[in-house]
Structures are given as C-alpha cells and as structure tokens.
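**Student:** Chain D is fixed; fit chains G, B, R, A and Z onto it per the hints.
Protein chains in written order, with my numbering: chain D, 364 to 618; chain G, 364 to 618; chain B, 364 to 618; chain R, 364 to 618; chain A, 364 to 618; chain Z, 364 to 618.
None of these hints come from the bench; they were simulated from the model. The structure presented is a predicted model; accordingly, all values stated were derived computationally and were not measured. Errors might be hidden in some of the hints.
One copy or any two copies: either way a pair holds, since identical chains are not told apart in the list.
Stated by the list, open to error - Simulated pairs of lysine to aspartate or glutamate, EDC-like, Cα-Cα distance not exceeding 20 Å:
| no. | residue 1 | residue 2 |
| --- | --- | --- |
| 1 | K566 | D494 |
| 2 | K617 | D376 |
| 3 | K467 | E439 |
| 4 | K617 | D580 |
| 5 | K553 | D494 |
| 6 | K467 | E612 |
Number of protein chains: 6
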Amino acid sequence: MRENRLRTLWRNDQAVLNGWLAIANSFSAETMAHQGWDSLTIDLQHGVIDYAAMVTMLQAISTTATVPVVRVPWLEPGIIMKSLDAGAYGIICPMVNTREDAQKLVAYSHYAPRGTRSFGPIRATMYGGADYPSQANDTVVVFAMIETAQALDNLDDILSVEGLDAIYIGPSDLSLSLGCRPVFDDVDPKAAQAIDHIVERAKAHGVYAGIHNGRSDVALARVAKGYRFVTLGSDARFLAAGSQAVLGEMRAGKV
Amino acid sequence: MRENRLRTLWRNDQAVLNGWLAIANSFSAETMAHQGWDSLTIDLQHGVIDYAAMVTMLQAISTTATVPVVRVPWLEPGIIMKSLDAGAYGIICPMVNTREDAQKLVAYSHYAPRGTRSFGPIRATMYGGADYPSQANDTVVVFAMIETAQALDNLDDILSVEGLDAIYIGPSDLSLSLGCRPVFDDVDPKAAQAIDHIVERAKAHGVYAGIHNGRSDVALARVAKGYRFVTLGSDARFLAAGSQAVLGEMRAGKV
Amino acid sequence: MRENRLRTLWRNDQAVLNGWLAIANSFSAETMAHQGWDSLTIDLQHGVIDYAAMVTMLQAISTTATVPVVRVPWLEPGIIMKSLDAGAYGIICPMVNTREDAQKLVAYSHYAPRGTRSFGPIRATMYGGADYPSQANDTVVVFAMIETAQALDNLDDILSVEGLDAIYIGPSDLSLSLGCRPVFDDVDPKAAQAIDHIVERAKAHGVYAGIHNGRSDVALARVAKGYRFVTLGSDARFLAAGSQAVLGEMRAGKV
Amino acid sequence: MRENRLRTLWRNDQAVLNGWLAIANSFSAETMAHQGWDSLTIDLQHGVIDYAAMVTMLQAISTTATVPVVRVPWLEPGIIMKSLDAGAYGIICPMVNTREDAQKLVAYSHYAPRGTRSFGPIRATMYGGADYPSQANDTVVVFAMIETAQALDNLDDILSVEGLDAIYIGPSDLSLSLGCRPVFDDVDPKAAQAIDHIVERAKAHGVYAGIHNGRSDVALARVAKGYRFVTLGSDARFLAAGSQAVLGEMRAGKV
Amino acid sequence: MRENRLRTLWRNDQAVLNGWLAIANSFSAETMAHQGWDSLTIDLQHGVIDYAAMVTMLQAISTTATVPVVRVPWLEPGIIMKSLDAGAYGIICPMVNTREDAQKLVAYSHYAPRGTRSFGPIRATMYGGADYPSQANDTVVVFAMIETAQALDNLDDILSVEGLDAIYIGPSDLSLSLGCRPVFDDVDPKAAQAIDHIVERAKAHGVYAGIHNGRSDVALARVAKGYRFVTLGSDARFLAAGSQAVLGEMRAGKV
Amino acid sequence: MRENRLRTLWRNDQAVLNGWLAIANSFSAETMAHQGWDSLTIDLQHGVIDYAAMVTMLQAISTTATVPVVRVPWLEPGIIMKSLDAGAYGIICPMVNTREDAQKLVAYSHYAPRGTRSFGPIRATMYGGADYPSQANDTVVVFAMIETAQALDNLDDILSVEGLDAIYIGPSDLSLSLGCRPVFDDVDPKAAQAIDHIVERAKAHGVYAGIHNGRSDVALARVAKGYRFVTLGSDARFLAAGSQAVLGEMRAGKV
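Excised from the complex, chain D in its bound form (with noise of 0.2 Å):
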C-alpha cells in the first residue's frame, strides 16, 4: 500500500505543509499539486466544491506526491465513505463536539472491527494499492474539528476516543463559538488561549494537532507550539492575493 506522507512526517516529528482548495477544477488542483505541498485539503464544507468535482480533484492531485485530504461537509456517513473510497487519504470533520461525535467519525471512516465503514474502496484501491483493504484502517488519518466552545468542555473526552488519529481547528469558528471575531491568524486572547490549550491536551492524548493558518510567521509560531499540519493560504485568496498585487503596482504607476 502507498505510504500516507502525513503517518511519516509524523513520525520523524516533522510538521505537515498542507494547501487548500474551494475551486472545483482538476486543472487548478493540479497545478497547485506541483508546487510542493505535503499535502492538500479538498474543501467540501466551505469551498464551492461538490463530489463530481472532488473526484477529477483526486486524481489531478494523484498524478503528484501530494497527500490528497478531503474536508467534508458534516459529520455525515455516505459523504464521508465516499470520499475514502474516491481515495482521500485524510478526511478532516467539522464540528466534532461531543465523543458521541468523534465516535461516529472513527466508526464512518473505519473498516469492521474498528468501524462501520461499508466496503468498496473503488478508487482507493487504484490510489493506494490492492492491499489497500487490509491496510486502510492504519493508513487513512482522521482529524475531528474542535472548533466550538461544546467542544473545549468536552476535550478530554473527544480526545481519548480509540482510533482518533488527529484534531484539526478551524480558528473563525472557534473564535465566533468562544464570542470573538471570526479570523485565522490574529486571533483574540481567549481565542488564543484555546488554541494553546488544545495542542497541548492532544499532546497529552498521543493526538496530532492542526490548524488553519492565513500567515506564514503565525503558522511557523503555532508549529513551534507543538501544532503538526498547518494550512496556510487557499487557492481563492492567492487569486484575490495575486490579483491586489499586481493591480497595487500598476494603479500606483498610473495606469
């Protein structure tokens, strides 16, 4: 079976670069699957990106070395299933709050005995290799999003479920749960308390951490706090990014 890059940098104690994308196009996923990233996240929650898409998305990522994440919608079991058997080596899940949540997710994203996962790695098996059945369960990485105040209170809880692999945090919703202003990086105290926080129950836990990052410096601070797969940037803001540049550089030229 393929090796998933991200179970490596892990255990080399190694942080994970991972890219993001909300444009639904293989050409797209593609080129930014050539530039390096350790991995990719698919975005089916708040990118504008359905199934159909996600699939030619997988494979464009396929042709590279990337590790292809997808990030689902909801805690839901057939979207979930299918983007395993579409071969997704991650699978991040918003609004994991309860261990009754985190539970479902292990079960959803887990061959018999561990889970429920229902059988018929279609893709996957093309991806990862004809072993893939076998070895699935201790290759795919599952993160539960922490992202609300629920889920602070139930931390511990969450994070001493079996088979948990990783946490992921969304920092906007986190902070809007919490009563603060919904950004990445500059995020308010009690916002940044809690980021602190949960990097260092999951530590306690075995648990990889990650979390969404917009700036390089902030990213950098969070890996140095123990955070192993760090988001930075996303397809859609490197457009607005790019385009503010260079529109920047020629209104100031006068043109």
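**Tutor:** Chains G, B, R, A and Z alone, transformed into the frame defined by chain D:
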C-alpha cells in the same frame, strides 16, 4: 446598450488593465472579477477552458463592472460567433497573419452590412441590452493577434483593414516565430524591436495595441510606449506564485 | 451589505413575487432573472438540480436585482450551510414538523450566538459585501415549510421559535398529509381551511407566510388573505404550457 | 432501422412541427420532448449548448418518438459528423451560400460512395438500429440554411445539389443580409418576397423547405405556401413569455 | 402507469438479472441498457456517481425497457426522495440494521398515508405516466440492505416491516461484519450460512431477496436457493476484465 | 522531459499496445490506465467525448505510466493545439488525404521553426517537465490517418512529408472508401491488400504504422507484418462484450 469600458477608457487615452483566466470555473472567475480588473479575458486557446465553462464564467464576470473578453482558439467563425452571442464584449483572435485573415475576423464578428455574423445574440441582449442588435457592431472590440514573422511582414496590410479595432501581441509566439526564446517580459532584442515597431504602426493606423506581460514593470513600460491594453499574470500563475511564496517562507522556517 | 429586498418589500407590507427554478442551468436561470421576479427559488428538493448547478445559477441571478433563494432537499446542516456560503439570501426548508425541527433550522442558518452556522461565507461576501459576517444573521431569510398534519398540530410551537422569519406552504404535501388530492390551487376544503388557518397564526406570531401557487388568480386571493411571498409557476411548467399552447394552435390549423 | 418521421410526414405531404432548444439541459429537453413536437432541434449555433450537453439531450429526446435534429454551429466536418454519430436524425447547417458549400454539406453527412462521412456511428446504431450503417444515407435529413443574399443568388445551384434533402430559412439572418430588420415573423417586404421565392424554387427542385417562426399564425400561413418544416418558439422564449404573462397578471392585481 | 418489470418477473417467479453501474456517464449507461439486462442499478454509494450524473443515466436507461434502480449512499431522506423524483423504479438502501431503519426507509419512499415522501415527482411522471402519484406506492420497489451482524440479529424484525418489498445482500460487507474476508462469491462459511439463512427468512416473510455476485455460476446457485434479484459484475469490472483478457492474449503473443 | 514510451518501444522494435476510450469519464479512463496498456487513445472523433472531459481523462491517465494519445475530430488547428497543450503525447488525425493535409498536420503540431504551433503548453509542462518547450517537437508523436482511396493514391507523397512520425489506419473507413464492408478485422480482399501495401510503404519511408483491430489474433498478425502500434477493443466494446458473456451464461441457466 451597456457601454464597453474598453472604448471609454481608450477615448480618455487610458490603458486597460486586463486579467487572464485559464481555469475553467465560474467561482474563480467571479473571485477575479471582484479584484478591480478593467477587463478579464477568458482564454479558450491556451487556457484549459471550453465553451460551456466560458458561459458560466461570462455570467460570473457579469456580476461586476469588469468587461468580459474571450480569446478564441483559432480564426474559426463558429466559436467567434458563439462567444459573442454569449456576451463577450471583446474577442482576441490568434494568428492573424494576413490581410485576408484580418478581413475574415472583422466579417465574422460584425453584423451585415459590415460583416457576416449570424444573428442570434441570445445572452448578449441580456448582458448588453435590448438594443444590442443595432449597437453591437460599434460596441464590441475585436483584437487581431500579431504574433508571427508573417504578420510582421503584412503589418500595414492588416492594420488598414476597415473595422479592425485593435491588435494584441503574444510575446512568446512572436519571439518563437522570430527565432527567439518564448518569454513574456525579457524578450530578445529582435522581438523587443518588433514589439516597439508594432505599437508605432498601430498608432499610425489608429488601431489600439494590447500585449501580454508577466511583470508590472514591463507592463508599465509598454503602456508608456503606447500600449493601451495590458495583460498581467493569470489565475493559474497566481496559484503557483502564491504557493511558492508561502512554501518558501515555511521551508525557510525549517517546516 | 446588499439589502435583502424580501425584507424591504415586507417592511412596506408588499408581497414578494417569487419564480421557481427546477432546471439545472445557469442560462435559463439568467433568462428567468431578467423577467422581473422579485425573487427566484432554486429548488434542490424536487427540482432536478444539485449543488454544483446551483452555484452557477446563483451567479446568474446575481447579474440582476432578483433575490436568490434556495429550497434545500431536507433539514440537513451540510447543504443549508453550503447554500448560504454560496450566496443564497433565503432558505426554504421542507418538512419542518416540530418545534425542535424549527430550532435546528434556525441554528443551522445563523452564526453564533444565535445559531451554530459554521463560518466560511466564501461567495456570500462577494455577493453581499465585506460586512456579510456581521450582517448575515439579520439579512438572510429562513422559511420553515409547514406541510404536514404534524406541523399543523405543532403550529404555534413552531411559529414561536425565536429567529424564525417566515414559513412556506407546499399545498400538495399539506393536502396529501391531510388525506386530500395533491394540488397547488384548487385544494380540497380541509386543505383550504388549513391554508387559511396557517396564515392567520403566522400573522399573530409576526412571521411572514409564503405559499406555492399554480395560477395568478389563486395567488392574488392568497395575497389578499395575508400571504406575503407567493410562488407562481416554474421554469419547467412554462416549457410545457408554452409548448401546449403553440402546438394546440398549430394542430387546430391542421398541421 | 428506426424510421425518420420527418420523411414519413413528408411522404404524406404533412408539415413537421419542430420545437427549438437553446438551453443546455437534458431534463428541459425531455420535458419538451413529452409535449408532442414532431421534432426538436438542439441549437448548437445560437443556443447556449455544446456537444457534451447535446449528447444528453439527444438521449432525453430518445425516450420519446420526437425526432432529434441538431443545428450545427457552422459548416465544419468535425461537429457535423459528431452530431450524426451521437444519433441526430437531422442536421441543419447555417450559412450555405454556394453550390460548393452545399456539396460539402452533403459530403460530410453521407457515407461513401455518396459522401465522405467517417465511419463510427457509436450512439447512432443504438438509436437507429444495427442496420444504421447501410440505411443512414437514406434516413438522415440534411438541411442547408438559405439565409443570405449570396445564397439567394445561388439558389438554383444550391437546390440542384444531389443528396440535399431540404433547406431551412432563418428569417432574421436573411433579413439582415437583405438590409431589413432581423425578425422572425413580420419581415420586411424584400425578405417576405425572398421567403416566398425560396419555397417556390425548393418545390420546383423537389427539396423540402423549412423555416423559423415566432407565432403560429405566421407558421400556418407559411405551411399553406408550401413550407413543410416549421419551427415555433423555443424553450428560452417560453420561459420569458410564461413569466411575462404571469407577472403581468400579478402586477395588474397590484402585487 | 408504466409497469415495473421487477414486479412482473417476480409474479412469474422469475429472477431479475441486474447490471451495475459505477461510472458516471450517460453513454456508458445507455450502452449497458442496450445489452438486455432486466434492470440496471446506478450505484451512488460505492460507485463514482453523484445525483447530477444519475439523472442523465436514468434518462439513458429510459430509452430502453430496462428497469432503472438506484442505490443511495445512505439511509437519508433527501437523496432517496430525489432519486425517486428523478424516475428510479427501485431503491437499494445500505446498512438497514434495525426495525427502525427499515421503517424509516419505507416512510421516506412512500407517499402518505403509507409514508412521508414529499410530493414532487417531476421526472417520474414523465417516465411512469400521469397516474404516477396514485400508483407509485405500489409500483416502486424498495430494497433494504442486510449486510451486518446487527441486521442479522434483527432479521425478522426488519423483514416484518409493512411496506418493505425486498432486501439486498452485500456479501462483502456482510462478510466483514462477521469477521470474514470481504468477497462477493467464495465467501467464508460463516457468511455463506448467513446468506442461506437470510433468503429462507425472506421467503418466510414474503419479501424478495437480492444479492450481489461476481460470477454467473454463483449467481445461478443463489437463484436456485431462492434469490430473485441477482447482480452480476459491473461496468468498471467489465473494463478491467476485458482489458486483461486482450492484454493477456497479446503479451502471450510476445507483443 | 518525461520520455514518450512510444518512441522508446519503437527504438527497441517493439509494438505498442494501445487501448481506446470512447466514454467521457475520468474514472473509467483511470481504470483502463491501470490495466497495463502501453498507451490509451482518447477518441474525440467517434468517441462520445469532448475537450473538457478529455482534460480530466488525460489527468487520470497521468497517474500511471500509460502514454496519453488523443484522436482529434478533424484536421483543425484549434483542437490539435489544445490537445497538445493539455498534455497529449500523441495525436491521431483523421482523413489525411493529401501531401498538403500532412504538411498542415505537422505544422499545427510542432513549434517553430518546424511548424506553427502556438506557444502555451499550460498542462503539458506539468506532465512533461519544465523543458517541454524545447523538447516537445522531438517527443510528441503525430499520426496521420490513411483511410481513403485518395490517401492511398497519395501515399508516398504523404509518407515523405518531413516531420511526420507515424500513420494510423482505420480499417472501417478505408474499407468504405474502397467500396468494401466497414469492419475492423475480417476486411474484404481489396482492403486487406491496401493494409499490407500501406505498412510496406511506411517501412520504406521510415514511418511507423498503426492500425485499429477488434481481435487479438488479427492484431498479432498485423504486428507480424510490421505494424508497430495496434489498438484492440475499446471501453465501450468491453462493456457490451462483458455484459453479453454474463447474460448469455445466465440465460443459458434459465434465468
């Protein structure tokens, strides 16, 4: 009829800042259209885009004041007319090498008596207004690409074709055809000379000249020489450049 | 933030004329949006439309002043949030039968502290404006569909849920559930009585009431009774009716 | 081989009632096909439709007895042959202005020895039957569009091309080319005269004549003059007209 | 209303030969539908297919007498109802493990008073006929998948749910859940025993039993034991097997 | 630059085993690519595939070592260049009947100074490598289809065109043009003679010869005669053949 801001800017002797779309997606097109480009060109020639995607991208651009332009794959009446019917306010046509080519281009893109464009502006009337049929000939802008040694030889013959509004230079193709390296900005002397020559002849004929650029300093210099439609970067290039910048910062930070 | 004309019309005690889209196509959506409807509803439930087509249709509608509304397939957080992120200014949710259903609907469609909507208004900020995050809760309109005997039993419990702006009646489903024929206009007495009752209770609770109609005389009568959001026909029905009219005239002429 | 009802109706001296599709969607096409049209034309020229959508629309039409016809964007062998391979039983080709144009059209659309159509009727054999290869030449109907002053000048030369079954008039383009207003029904006298002239010459040559119409009274009058294939309205026009009718009634009712 | 040949065959005590579609394409679906399968199942669960592709595939199948069946991704009302509205004559639902699951499945797929299916059979009436609303409950066939140890434990509770027409076995999932290897044909003894047991109990309850097979000898043996709906192979498997056969012959010939 | 295995195999005097794709889907293409074909040809001419689907299929093939080839619909520069830009490593062009046709084909598919291909290898550089611009002319393989009596008459003129790497025979079209039955394998004597003649002349000119086959025995015999690129079957044919085999077994078993 909705004005064509290209003509408005030109009447004021201002240059048009044109963005470039190679990704077949209406959300990325809409994102680009919200950045402040004067116009956006959907590239059906070297972009990874076909007619069906183009229609949704034209709609996305139409949610803003940015002028929609289409580069067609070739001097072929079917796609030129379909692009116009779909609401393109500008057409860029590759490889116009002879006076006859230029005459065909004008014919395909104008209604009788000026040309032979077939009647059926099905989306163009929604975009442009109910008087599109009578105003289109004077509103839409047509660019003939001057990008070969043959076109250079025939330059005055081409520029003097009645109804040809504008020309557009692809520095890569022009360079290749002249035996130089295919680049946008730091072109070889022979190509640089041609680029200067073309804008001079265009001005002499009262034809607007446009050109593809990679960097803003180059674009500004070309505007200073008389170019009035300058393209900078593209959606796909912004993805690569934005990723490279961020990844460089992170790798420098040992992540 | 761009105003929601539904709220503007309602403040002036005017009824909203709503068109209906069952065809998954951005050009037909744009054609409909240019006819003067106050709002257009993209029907993801019984229409033959999925999320990907919906996005292009929302863009097409956004080229006009018509307000974009989405009927989701079911009370499910994933698609409700994705529709809002894509720029829907109204959500119609089927089969809201209990107070708990209505509370979930409000939660899924509002940001904290009013609800639990996840943050990521990727296209909504382009459509609504940069202040969408802070204004969305007070701008977007959410309709709970009252269309079963059970919902009738729980009517006041549903209508008193805080944050529920509006309700919408599907006369067919309501009729079926009451043991009547599933029609839009000439409903059986039991359904007619329920339709009158619902608008009365809605008015008592300060909740706006909408309803699906086939004919304009029926819609006018319902407006007179207090309905403030009336749907008439649909794209697919106009195709059938228009064809039948023309074919009837021709066959009568012996062609 | 499945009969071509166009030929059957013509053998009985009956006119064909043809509907028109400009919306790229298989569900709207199927809806139209269920209304009783003798044939439906998928318009790849001025309709907002490409090849990929056309295939699904041909399949949708194939669920009924309605005959599928395709108007190609231009006299170009690639798309003519692809449309036939996909199961079109009729081809309408724009802008056939000379005898040579008409000869090319016949060549592209018939197998040797009558023409040079390339062999590969991949979906056509499913639609037509296993004997499609040997019967297609005598089953498919090819229409040359007569819509310019030049075509009028060459009318007899065109009509006498062997293998040309039928012609089709676009009153808008014909009017434009003759210096008249581009309309379907109430054409200017010069265009009206041409329309009468063309059907007379077609009859003289044993070629069937078709024409585009907006209103049924005009279509009936043209059938009376000898036209045997009359188009009425289109899917997009039914959307606009249906909406206008309903909105007019509601606005009149002060809603 | 168009008959459901599944019911007709069953009334004659004949088994249904079912083909399987995992490729999201209407042309491949039409090709399969022309081969003589009694029914074809579009697999939205493990197949690489979403709703939008499914609609075009249902249309493609509707050009033949083959019965269209859909396997939904999960026991979720939105997609079950959308599949039925789109004209599916059979629904296969995965992971029905309890009596409550089975009751929900029956409720979601039948109109009141038998269930709670929402009314809007937009394509189903075109496929089935104008009396679809009154006949659908007795025409459509619903299969509950029995594929876990839990479902085996609850077998009689499930089979006795009123309105449940049929069950379907996924031998892979059933095997996995019982601690056996996930295969279709040569299942481990424990799974084999369960497969025999299930069909016996189904017969006792008057419920039709279906099962997934890889080879025809296995399918024939299962029909002999009482299975009345047998799936064989799939589109994707035919591609692999056909390629392997040909490549093997060529490589043996030293090419 | 990534090698073109067609050239590598040919240098070793080995024949290329080529598979054929007529289904517009990236998952079926990826499935085919995993079977071990040396190359796969995406058929834009008689296959039911357009440019947009082709791009995703090229990406799917790029996940393996199989060489991606495209058959274009016609000798038209737009689609030839777009296919190359999208990463095709081989182009098969139908109906090359004259020396001028062959010269155009070579011109359209090579950069200056060898040809007039426009510069913009947007996906090709990702697939082939950064040195694609300088290496493409010597890497990509171009096949001229010899499939008419006219081409036979001009055979030596065509084969001697500089830069023409290879030819490809469509036995059906060649047969039709010679007045024979349109089949792949058991061609009529006149066509058989032509097929033998063509490979002899190709060898004399140092041009590689390819041919379409239905059965492996025929393909093996043709390889023995000197053909070095043999196509066998197609995705659509495997679906039909696989279904027929299984259905035959079941019907023989009285199911």
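**Student:** It remains to establish, for every hint, whether it holds in the given structure.
**Tutor:** Evaluation of the provided hints:
no.	hint	verdict
1	K566 - D494	neither (31 Å within a copy, 37 Å between copies)
2	K617 - D376	between (50 Å within a copy, 12 Å between copies)
3	K467 - E439	both (9 Å within a copy, 16 Å between copies)
4	K617 - D580	between (33 Å within a copy, 12 Å between copies)
5	K553 - D494	neither (46 Å within a copy, 23 Å between copies)
6	K467 - E612	neither (51 Å within a copy, 38 Å between copies)
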